[in-house]
Amino acid sequence: MARVRPWMLLTPALAVLAVLLLWPLVQVALFSVQDYGLREIVSGEPNWIGLGNFVEIFTSEQLWAVVLPNTVVFAVLSVGCTVVFGTAVAVLLASLGRLWRTVVSSAIMAAWAMPAVTGTYVWVWIFDADRGVFNHVMQALGLQDAPVNWFTDRWSFYAIVLLNVVHHGFPFVAVTVLAGLLGVPKELLEAAEIDGAGPWRRFFSVIVPQLRQIFAVVIILSTIWDFKVFAQIYLMPGGAGSNREVLNLGVWSYTESFGQNRYGFGSAIAVLLTVLLLVITVMYVRTILKEEEL
Amino acid sequence: MRARTWSRTTTAVATTALVALGVTACGGSGDDGGGDADSLDVWIMQGTNPSADAFFDEVGAAFKEQTGADLNVEFIEWADAHDRFVTAIAGGTTPDVAETGTTWTAEFADAGALAPLDEYVAAAGLDDDLVEGLVEAGTFEDELYGMPWYAGVRSLVYNTEIFEKAGVEPPTTWAEIEQAAKKIKATSPDVIPVAVPGDAEFTVYPWVWGAGGEVATQDGGTWTSGLHSPEAQEGISFWTGLAEQGYSSAGATTWRETDVLDAFAKGDVGMAVMGSWTPGAIVEANADMEGKFAAVPIPGKEGGMSPSVLGGSHLSMFSTADDQDLAFEFVELMTTGEFATTWGEQAGYFPGQTSLLDETLASTDPLVAPFAKQFVEAGASPPVSPNYGDVQAKLTTSTMMQSILSGSEDVATASSKAAQEMTSLLNSDN
Numbered sequence: 001m002a003r004v005r006p007w008m009l010l011t012p013a014l015a016v017l018a019v020l021l022l023w024p025l026v027q028v029a030l031f032s033v034q035d036y037g038l039r040e041i042v043s044g045e046p047n048w049i050g051l052g053n054f055v056e057i058f059t060s061e062q063l064w065a066v067v068l069p070n071t072v073v074f075a076v077l078s079v080g081c082t083v084v085f086g087t088a089v090a091v092l093l094a095s096l097g098r099l100w101r102t103v104v105s106s107a108i109m110a111a112w113a114m115p116a117v118t119g120t121y122v123w124v125w126i127f128d129a130d131r132g133v134f135n136h137v138m139q140a141l142g143l144q145d146a147p148v149n150w151f152t153d154r155w156s157f158y159a160i161v162l163l164n165v166v167h168h169g170f171p172f173v174a175v176t177v178l179a180g181l182l183g184v185p186k187e188l189l190e191a192a193e194i195d196g197a198g199p200w201r202r203f204f205s206v207i208v209p210q211l212r213q214i215f216a217v218v219i220i221l222s223t224i225w226d227f228k229v230f231a232q233i234y235l236m237p238g239g240a241g242s243n244r245e246v247l248n249l250g251v252w253s254y255t256e257s258f259g260q261n262r263y264g265f266g267s268a269i270a271v272l273l274t275v276l277l278l279v280i281t282v283m284y285v286r287t288i289l290k291e292e293e294l
Numbered sequence: 001m002r003a004r005t006w007s008r009t010t011t012a013v014a015t016t017a018l019v020a021l022g023v024t025a026c027g028g029s030g031d032d033g034g035g036d037a038d039s040l041d042v043w044i045m046q047g048t049n050p051s052a053d054a055f056f057d058e059v060g061a062a063f064k065e066q067t068g069a070d071l072n073v074e075f076i077e078w079a080d081a082h083d084r085f086v087t088a089i090a091g092g093t094t095p096d097v098a099e100t101g102t103t104w105t106a107e108f109a110d111a112g113a114l115a116p117l118d119e120y121v122a123a124a125g126l127d128d129d130l131v132e133g134l135v136e137a138g139t140f141e142d143e144l145y146g147m148p149w150y151a152g153v154r155s156l157v158y159n160t161e162i163f164e165k166a167g168v169e170p171p172t173t174w175a176e177i178e179q180a181a182k183k184i185k186a187t188s189p190d191v192i193p194v195a196v197p198g199d200a201e202f203t204v205y206p207w208v209w210g211a212g213g214e215v216a217t218q219d220g221g222t223w224t225s226g227l228h229s230p231e232a233q234e235g236i237s238f239w240t241g242l243a244e245q246g247y248s249s250a251g252a253t254t255w256r257e258t259d260v261l262d263a264f265a266k267g268d269v270g271m272a273v274m275g276s277w278t279p280g281a282i283v284e285a286n287a288d289m290e291g292k293f294a295a296v297p298i299p300g301k302e303g304g305m306s307p308s309v310l311g312g313s314h315l316s317m318f319s320t321a322d323d324q325d326l327a328f329e330f331v332e333l334m335t336t337g338e339f340a341t342t343w344g345e346q347a348g349y350f351p352g353q354t355s356l357l358d359e360t361l362a363s364t365d366p367l368v369a370p371f372a373k374q375f376v377e378a379g380a381s382p383p384v385s386p387n388y389g390d391v392q393a394k395l396t397t398s399t400m401m402q403s404i405l406s407g408s409e410d411v412a413t414a415s416s417k418a419a420q421e422m423t424s425l426l427n428s429d430n
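Residue numbers (full-length UniProt numbering), protein chains in the order written: chain A, 1 to 294; chain B, 1 to 430.
Okay, chain A solo, but in the shape it has when bound (with noise of 0.2 Å):
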């Protein structure tokens, strides 16, 4: 009986999960092995093909030359300014008095609770042609003579979609963080002092070391979020699929499912989203527990 209690007390949530998060999982991984389109859907018969959407894949110029490229690096940036910027956040926060940090933090709330629909929005108003504050300031600048479209290059697409990605996960970063440094012992901090430890040789060998596993949950998450980016390219003009150079994996799963009805073709896509986010993160944990052990 006692071994079986934990597991009935799970059982509800198991439960929801099953339904909600296990089941859809394995329709994807089902639909990624078959020719899935709107007949197959009216019908219900299954059409399966073995591994035919893996191999046009992976033979497909489009991921090798755009898409993963596109996926991977805007990923990496986009993890490592997230996290730089939220962790210096975080120490600005620390060294706060209680109404500054106050005022500071809810002001980075505002940021969190934006949708990302509403945040994608503005950055694309920023940055608009015609009437943005973007090119209205380079122009009264007069670092530029004309108004430039900042979408329809590669770029500077991407990068307004990693400042519009980076003020919307850092608060995350930040607040985390924050939590993992005023647990930091303030007698070691007094202790590397003393030992003449100057404040950045403290904050890379004393805390960082302390709040290696509140980075690592950090950087995991920030990585998951970041690989599968959507609404905040698919809402830039041009990021829908008019602009094949900014095509990610999220976007064109969905446009390959929704807008052509492969449904199989686009779940191919969203198996490999999964399973490179699994290996990257099981990399990670190992990574970790493998340095915890020494």
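Think of the hints as simulated: they come from the structure by calculation, not from any bench. Watch out, some of these pointers could steer you wrong.
[As the list claims (entries may be wrong)] Quick list of the computed label-pair ranges, beta carbon to beta carbon:
| hint | chain 1 | residue 1 | chain 2 | residue 2 | range |
| --- | --- | --- | --- | --- | --- |
| 1 | B | Gly337 | A | Val16 | 52 to 58 Å |
| 2 | A | Ala107 | B | Glu290 | 43 to 49 Å |
| 3 | A | Val84 | B | Asp288 | 27 to 33 Å |
| 4 | A | Leu20 | B | Glu290 | 48 to 54 Å |
| 5 | B | Gly246 | A | Phe54 | 46 to 52 Å |
| 6 | A | Ala216 | B | Asp288 | 55 to 61 Å |
| 7 | B | Thr222 | A | Ser60 | 20 to 26 Å |
[As the list claims (entries may be wrong)] Derived EDC-like pairs: lysine to aspartate or glutamate, alpha-carbon spacing no greater than 20 Å straight-line:
| hint | chain 1 | residue 1 | chain 2 | residue 2 |
| --- | --- | --- | --- | --- |
| 8 | B | Lys266 | A | Glu61 |
| 9 | B | Lys185 | A | Asp130 |
| 10 | B | Lys185 | A | Asp145 |
| 11 | B | Lys417 | A | Glu245 |
| 12 | B | Lys417 | A | Glu61 |
Beta carbons: idealized from backbone N, C-alpha and C, even for Gly.
Dock chain B against chain A, hints included.
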């Protein structure tokens, strides 16, 4: 058909649709399997007619009187509509009757979701009274699945104040368009002389057709896109050339038709290719524009007219409808006679019944007559194929336009790529 046109018009994020009328507590659904045939569920696209609520109140009352059944109308956003249809088809929760864009009807019919209407149309004696272009678009494998409801066409809309200031007359040839743009640029430097949007495929085809090219043609079951033919390239070069000479704006490279409408309504645009349904929306967005704009048919290269896309909607009956006779009574009520005329007038569209169309064509309204002329004398259809929705969703033409307008590819390269993609999508066996 205009999934792109109206995508994200007002409320981009709205995934919920409004129930306009007949929202009674029971809200009887036609799909809940049998017995409940006293109501009819209908999906209508949102944004076509600004007075849609009041219109359907009247239709509901008339329908109740005629059949004794309640009418449940649900408004669907164009941007979500395709996904919602597909999900509903998958889950067996389709409405009894729905408005389907003309390029979707064949696709849904191909999927087996729609019921053929030929018998009903014949019984109602409407065979010879339906607008041909819409019948063609609603026909799949020789059966009619889409009842012609309304259609519109795009012409050249221009700002009369800006034209007067520049001292130019409405253009009648391509050379005159360029001349007018040049003079507007000189006299009103802050204005965009001619908007060349990058994400609006139906503003591109008139130039392709006007130069003698084809979007795609079918020969013995095989489609071939002609977007890269010398004629088509000439048309595309003319249109994108206007932007290259600085007569459009950098922002327009990523504009949709809704962005063109916004800019035009602000008085920032000299001329643009816009739909017969837009005059109402322009005045609604900015009351100051009333009386300050007019339209002409899209000029032909050396005079005459360039053909423009006829776009519109069908009313389709889903095969899940419990009571198909009742469903067709509604379809007939909507697409013929008084209600069809009223809808057309309120929304700025032309009715799908030939006898009603003739009345509209006699109009002398300066914001109706030029469109009517274009509609009758120079209307054209995009490729009628169940796969054309795939081409639209792939944004093939928008991709071509954006890479030309942003300068990343020349017309020859971009149009060859687009033609290749369109040909392969139209011939694919999805």
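Outcome of the hint check:
Taken as a hint, the range 52 to 58 Å holds for the pair Gly337/B and Val16/A, whose Cβ atoms sit roughly 53 Å apart. Hint check: Ala107/A to Glu290/B, Cβ distance near 44 Å, so the stated range 43 to 49 Å holds. A hinted range of 27 to 33 Å is violated for the C-beta pair Val84/A and Asp288/B, which are about 50 Å apart. Between Leu20/A and Glu290/B the beta carbon distance is about 53 Å. The supplied range of 48 to 54 Å therefore holds.
Hint check: Gly246/B to Phe54/A, Cβ distance near 47 Å, so the stated range 46 to 52 Å holds. Distance hint check for Ala216/A and Asp288/B: the Cβ-Cβ separation is about 59 Å, which falls inside the suggested range of 55 to 61 Å. Between Thr222/B and Ser60/A the Cβ separation comes to about 24 Å, which falls inside the hinted range of 20 to 26 Å. The suggested pairing of Lys266/B with Glu61/A is violated, with an alpha-carbon distance near 43 Å, which exceeds 20 Å.
Restraint check: the Cα-Cα separation between Lys185/B and Asp130/A comes to about 16 Å, which is no more than 20 Å; the hinted pair holds. This hinted pair checks out: Lys185/B and Asp145/A have alpha carbons roughly 17 Å apart, not beyond 20 Å. For the hint pairing Lys417/B with Glu245/A, the CA-to-CA distance comes to about 14 Å; that is within 20 Å, so the pair holds. Annotation: proposed proximity of Lys417/B to Glu61/A holds, straight-line Cα distance about 14 Å (limit 20 Å).
In summary, the structure is inconsistent with hints 3, 8 from the numbered list given earlier, while agreeing with the others.
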